[in-house]
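Engineer: As a plain string of letters, each chain reads:
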Amino acid sequence: MRLIRRIIRLYQSFIISGVIILFCLIALFVGIIPGSQKIVSMGKAVYEQTKTIQSLEEKINILNTLDEELLQSYVTSAITAVPADKSLGTIFSTIDGLTAQEGVAVEGVSLSSIGSIATESAQKLSTEEQKIGVNIVPFSIVVVGPIEQVRNVVDKAVKIRRLFRIRNFDLSFDNKSGTTRSTIQMDAYYVPFSKSLGKIRDALKPLSDEEIQIMSKISALPLVTREEQVSTESSQVQTGPRSMDPFSP
Amino acid sequence: MVAGQRSINLFDTKASLTPGWQMVEKYLLLTRKYLLGFVLIVGIVLVATYGVVRYRTTQLDTKQKQLSYTIQNQSVKEGLLLALRARITSLKNILDAQFSLAPYIDTTLLLARPPELMSFSIGEKNTVQISVDLPDISQAVSMMEKIVRLVEENKIRNPNLTSLAVDKDGSIKMGITYSVLLKPAS
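Going line by line, the protein sequences match chains A and B.
Just so you know, our numbering puts the end of the first sequence at 249, numbered straight through with nothing missing.
Just so you know, our numbering puts the end of the second sequence at 186, numbered straight through with nothing missing.
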């Protein structure tokens, strides 16, 4: 006992210093270093959040400058040009309107079922769909009428708002009946709406000059349908709350 | 006894250490002083920084919530813009792929019209195939001259006579192919 007391008395200052140094080291490794790391990560988070807030403010500024009515009219024009579904009604009504306008008679309309049978032509169309980035509805019409008027149908078919493309054109003259029969193979287009709007934090850019030019061009194209028949589904643009699951209702 | 140390004890109250240990003790005292000071100062600085950063985080969180709410209120506009932008890309691709076939017909009408023009079709690589039924050889010659003129005017190129048949009644049936340069639809 005396020996212990003597050792304590002899090394008293060593013990105190040791305890203090030990405390400091514990404070350093348990408090200061993790605390510093935590503050550094919080600082990074603050920096990121500041950037996010800046982008949100920019987004709000852009949204404030947008004219909702103009956007609505552009969207309507765009959907009339390229519906969200096959919209066969608009194809038929446009063809009907176009041929009636030019004074030719439609003798027949046929639609191809693309993708159901893996024929060469179907594969070719799929490649084209991939190339253009839209879905194609191929169809053909048989029209009877003077060649000048058929020519006008062919010409106007690519200058109307329901966008078509003429894939091929055949004409034959029947000597007996004296009629000119033309088969016009055409493509109509459709692009389904995307199911989600993205995240709130996603950056937003206003329409570029080029995009506005395209929309002006589309809006200026005449609607040749006898009556505008944009399907209900086509005209519904998702503007509601965001859904993370694109398949959820 | 150390000079300047006031004590009434005749004996030294502290057990004496060897000079080596005294040196170690001196460095230990110095180390603990600086280490303690360092820990205290850094601790205070860290606590203060944490408080500031924490306050700033709370502030930014509140602001972000407000901004998100504002954006949420304008989701209709955003939805319209995004839907439109996605569609404009498709529209551009379609417009780029569109072209008018009217020049094919116009060029053909310069050569022949029904009833002489029996058939007309467009093949690969902008090639037009026509078949004409002409009443006599002079009409056929006239048509050939028209073809040569159109070639010279750069309206058609690579004309080919694919078939030629003369009927008993003297009428001539000809199959002709040629290429037309297409212009993009305006």
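I should point out that these hints are in silico values taken from the structure, not numbers from a laboratory.
Incorrect hints may have been included.
Here are the simulated lysine-lysine pairs, DSS-like style, with alpha carbons at most 25 Å apart [unchecked claim]: (1) A:K159 to B:K33; (2) B:K146 to B:K125; (3) A:K44 to B:K63; (4) A:K199 to B:K173; (5) B:K63 to A:K38; (6) B:K65 to A:K131.
Here are the in silico distance ranges between beta carbons for each label pair [claimed, not checked]: (7) B:Q66 to A:F14: 29 to 39 Å; (8) B:Q66 to A:S41: 35 to 45 Å; (9) A:A203 to B:Y69: 12 to 22 Å; (10) A:Q213 to B:L164: 49 to 59 Å.
These numbers come from a predicted model, not from an experiment.
Think of the CB as a built atom: it goes at the ideal place given N, C-alpha and C, for glycine as much as any other residue.
Engineer: Hint by hint, note whether the structure agrees.
Structural biologist: Okay, the hints, checked on the actual structure:
Annotation: proposed proximity of K159 (chain A) to K33 (chain B) is violated, straight-line Cα distance about 88 Å (limit 25 Å). This hinted pair checks out: K146 (chain B) and K125 (chain B) have alpha carbons roughly 22 Å apart, not beyond 25 Å. Restraint check for K44 (chain A) and K63 (chain B): the C-alpha separation of about 17 Å stays at or below 25 Å, so the hint holds. Proposed proximity of K199 (chain A) and K173 (chain B) is contradicted: the alpha carbons are some 67 Å apart, above 25 Å.
Distance hint between K63 (chain B) and K38 (chain A) is fulfilled; the C-alpha atoms sit about 23 Å from each other, no more than 25 Å. For the suggested pair K65 (chain B) and K131 (chain A), the alpha carbons sit about 42 Å apart, so the restraint of at most 25 Å is broken. Between Q66 (chain B) and F14 (chain A) the beta carbon distance is about 60 Å. The supplied range of 29 to 39 Å is therefore violated. Range check, Q66 (chain B) to S41 (chain A): about 25 Å between beta-carbon atoms, so the 35 to 45 Å window is missed.
Our hint of 12 to 22 Å for A203 (chain A) and Y69 (chain B) holds, since their Cβ atoms are close to 18 Å apart. One distance hint, 49 to 59 Å for the beta-carbon pair Q213 (chain A) and L164 (chain B), holds here, with the actual separation near 50 Å.
The structure does not agree with the numbered hints 1, 4, 6, 7 and 8 stated previously, though it agrees with the rest.
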